Amino acid sequence: MDIIIAYGVVFLVLAGVFGLFMAWGIGANDVANAMATSVGSRALTIKQAVLIAAVFEFAGAILAGGQVTKTIRKGIVDAGPISDSPELLVYGMLAALLAAGLWLLIASRKGWPVSTTHSIVGAIVGFAMVGIGMDAVKWDKVGMIVASWVVSPLLAGFLSYMLFRSVQGLILNTDDPFENAKKYVPYYIFLVGFIIALVTFVKGLKHVGLESSPAENYTYAFVIGLLVMVIGRHFVRQIKLDPSADKDFHYSNVERVFGVLMIITACAMAFAHGSNDVANAIGPVAAVVSIVTSGGEVAAESQLPMWILLLGGAGIVLGLVMYGTRVIATVGSHITELTPSRGFAATLAAAATVVLASGTGLPISTTHTLVGGVLGVGLARGMEALNLGVIRNIFMSWIITLPVGGVLAIIFFFTLKGIFG
Amino acid sequence: MPVGGYMSGIFGSSPVKPLQDHMAKVLACVGKLIPLFDAIMARQWDQVEVIQGEISNLEKDADKLKKRLRLHLPKGLFMPVSRRDLLEVLTMQDKIANRAKDIAGVILGRQLVLPEIIHADYRRYVQRCVDAVAQANRAINELDELVGTGFSGQEVKLVEEMINKLDEIESDTDRLQADIRHKLFAVEKELYPVDVMFLYEIIEWTGDVADRAQRVGSRLQLMLAR
Chain A
1 MDIIIAYGVV
11 FLVLAGVFGL
21 FMAWGIGAND
31 VANAMATSVG
41 SRALTIKQAV
51 LIAAVFEFAG
61 AILAGGQVTK
71 TIRKGIVDAG
81 PISDSPELLV
91 YGMLAALLAA
101 GLWLLIASRK
111 GWPVSTTHSI
121 VGAIVGFAMV
131 GIGMDAVKWD
141 KVGMIVASWV
151 VSPLLAGFLS
161 YMLFRSVQGL
171 ILNTDDPFEN
181 AKKYVPYYIF
191 LVGFIIALVT
201 FVKGLKHVGL
211 ESSPAENYTY
221 AFVIGLLVMV
231 IGRHFVRQIK
241 LDPSADKDFH
251 YSNVERVFGV
261 LMIITACAMA
271 FAHGSNDVAN
281 AIGPVAAVVS
291 IVTSGGEVAA
301 ESQLPMWILL
311 LGGAGIVLGL
321 VMYGTRVIAT
331 VGSHITELTP
341 SRGFAATLAA
351 AATVVLASGT
361 GLPISTTHTL
371 VGGVLGVGLA
381 RGMEALNLGV
391 IRNIFMSWII
401 TLPVGGVLAI
411 IFFFTLKGIF
421 G
Chain B
1001 MPVGGYMSGI
1011 FGSSPVKPLQ
1021 DHMAKVLACV
1031 GKLIPLFDAI
1041 MARQWDQVEV
1051 IQGEISNLEK
1061 DADKLKKRLR
1071 LHLPKGLFMP
1081 VSRRDLLEVL
1091 TMQDKIANRA
1101 KDIAGVILGR
1111 QLVLPEIIHA
1121 DYRRYVQRCV
1131 DAVAQANRAI
1141 NELDELVGTG
1151 FSGQEVKLVE
1161 EMINKLDEIE
1171 SDTDRLQADI
1181 RHKLFAVEKE
1191 LYPVDVMFLY
1201 EIIEWTGDVA
1211 DRAQRVGSRL
1221 QLMLAR
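Just so you know, the sequences run in chain order A and B.
To convert, note that position 38 of the first sequence is 38 in this note's numbering; the numbers rise steadily by one, no gaps.
Heads up, this note's numbering is the position in the second sequence plus 1000, with the first residue counted as 1.
By construction, these hints were calculated from the structure, which means they are not laboratory data.
Keep in mind that a hint or two might mislead.
[As the list claims (entries may be wrong)] What the simulated footprint calls covered on chain A by chain B, stretch by stretch (three residues with Cβ under 8 Å from a Cβ of chain B suffice, anywhere in the stretch; the number is not a length): (1) 172 to 179; (2) 377 to 387.
[To be verified] In silico negatives: residues of chain B with every beta carbon more than 12 Å from chain A: (3) G1012; (4) K1017; (5) G1031; (6) P1035; (7) Q1044; (8) D1061; (9) R1084; (10) K1095; (11) D1121; (12) R1124; (13) S1152; (14) Q1154; (15) E1168; (16) L1184; (17) K1189; (18) I1202.
Treat the numbers as computed from the prediction; the structure is a model and nothing was measured.
For every residue, glycine included, the Cβ atom is placed at its ideal position computed from N, Cα and C.
Please construct the entire structure, taking both the sequences and the accompanying hints into account.
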């Protein structure tokens, strides 16, 4: 207890700085993956993509980031056994942030694809196992998180397969794809708005102090879906058939209609990413802040302070603006084969999956989910060529990142323990 | 540094455009058979030599395109068509150009003279064989649209009709070939026997051009069926 009181301010500052750094890293590197399908399908320019990402990542972090933050903050470590020495949890959370941040820095320097989520979860489990004891890890919850890492790409793949199949049936394979695109795309737009709004209302908003009944949730989500649909339809209607654009490829006019949908889906993706990944940075911060402000109470049932969510959101936007723009440009220029009709199916499937996970409080990898979405479109014979080596990379990321994050966290944990006593 | 991790790595380079480029090159090569036979029938051997050179160069270009596409088709690539079907289409396309080169080479080498009696029929025969290749090219050119629709609906019907038309053209060439053989048979005793042997071979090879074009079509049909 004495340590918490003596070094309380130091811990708070350290947590704030580490958390901000981590959020910055997410903004600089991770956002590019989330926006890749949008920029790659040429529906957005780089500037538009960055603007959309900044606004919706921030909104997602603030409005729907609470549930996953709660999981990272107190869902993985059972603090019961160490209620006498809460400083251990503070060291652990700081160590986890440092470990994940450092590992991400090294990995992105080397160009290795690693997941922020896996780094932080690996780090937290690592310090808890060694620093506190095997019993300190809530293995059932960790098991659920790991299961969600397998399920989320599969679910996204399934959803994108179904979405793209429906696009084929309703639009692409009909006699007049252009007119049908104009007719049906607004309904897809409604779907995007409805799903994202619903999950946010049901699960996210209570963390910002808003409570609503299930009936209200559905009504609000429906209204928001309609609103987005009306806006989207306005833009869809402005698209006129350009016969000269159809010389080479019959579907170029159709793709222009899908371009509108892609932009809205990109917003949803940025929102989803913000809602899930902000927790990787601010979950540990929230844990530290909760312990310090309660004067050493490990199991304090305190509300997540708004300023922490703001810190995370701001960190992501800062990283995005400072460094992420360039990464988005690079990733976008690598992806040339993606058309808006495909990009939309893959991205919406991923965004829906991620937002669902955010609502359930499961920290998943947005990138892996998006890869699942892209592969789903491929299974529907929608992609010209996909590189399956990527799947191997995902497994490598699981096998390597988890232990590395854990070991680094253990090292930092004992270092901090040595410094502060 | 491969920035952005796997999202940029997941999209492989598409084999569709290179395959279409290869077929276009093959068509350009085979199309030279028409001026080639015109020159042969006019017995302008220097002109035949020029065209033979052009055919040979185009065939080499097609070969390069073929090799490049093969190198860019790693095993881990996930495509809407099977890798095997795609490679077989490519091989078959390439064989069309090879045949055109064989024909030009043998005729030039032996200064082979076509008897007057088969001239008219042969002109039509060569034209039909080139038509077959052009039709195969048209079908292959629909491959990007097929991917665009995910291999279903109207686009599949369109391509299937193209392939049926290709089959018709090929049957045409079979009929023409039979006529030409028949006419040659009637006069063969008056000709130099070794030349006659080669004439039959050239007739056969010219037919091969249409035959292989048709096989490109049937491979394409297999892709649709999956």
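Now the hints, each set against the structure:
1. Counting residues of the segment 172 to 179 of chain A whose CB lies closer than 8 Å to any CB of chain B gives 4, which reaches the minimum of 3, so the coverage claim holds.
2. With 9 residues having a beta carbon nearer than 8 Å to a beta carbon of chain B, the segment 377 to 387 of chain A meets the requirement of three or more and the stated coverage holds.
3. The beta carbon of B/G1012 sits about 4 Å from the closest Cβ of chain A, which is not more than 12 Å, so the claim that it is off the interface is violated.
4. Look at B/K1017: its CB is around 9 Å from the nearest CB on chain A, not clear of 12 Å, so calling it non-interface is violated.
5. Once the 12 Å rule is applied to beta carbons, B/G1031 is consistent with being away from chain A; the minimum gap is 22 Å.
6. The beta carbon of B/P1035 sits about 29 Å from the closest Cβ of chain A, which is more than 12 Å, so the claim that it is off the interface holds.
7. The Cβ of B/Q1044 lies farther than 12 Å from every Cβ of chain A, with a closest approach of about 39 Å, so its non-interface assignment holds.
8. Against chain A, the non-interface label of B/D1061 holds: every CB pair exceeds 12 Å, the least being about 23 Å.
9. With a minimum CB-CB distance of about 15 Å to chain A, B/R1084 clears the 12 Å threshold, and the non-interface call stands.
10. Non-interface call for B/K1095 relative to chain A: holds, since the shortest CB-CB distance, roughly 24 Å, exceeds 12 Å.
11. Against the 12 Å criterion, B/D1121 stays outside the reach of chain A, whose nearest CB is about 38 Å from its own CB.
12. Against the 12 Å criterion, B/R1124 stays outside the reach of chain A, whose nearest CB is about 32 Å from its own CB.
13. A beta-carbon of chain A is positioned within 12 Å of the beta-carbon of B/S1152; the least distance is around 5 Å.
14. The beta carbon of B/Q1154 sits about 6 Å from the closest Cβ of chain A, which is not more than 12 Å, so the claim that it is off the interface is violated.
15. For B/E1168, the non-interface assignment is confirmed: its Cβ lies about 25 Å from the closest Cβ of chain A, beyond the 12 Å cut-off.
16. The claim that B/L1184 lies off the interface holds: its Cβ sits roughly 45 Å from the closest Cβ of chain A, which is beyond the 12 Å cut-off.
17. Under the 12 Å C-beta cut-off, the non-interface status given to B/K1189 relative to chain A holds; the minimum distance is some 55 Å.
18. Remark: the non-interface label on B/I1202 is consistent with the geometry, its nearest Cβ contact in chain A lying 38 Å away (cut-off 12 Å).
Hint compliance for this structure: hints 3, 4, 13, 14 are not met, and every other hint is.
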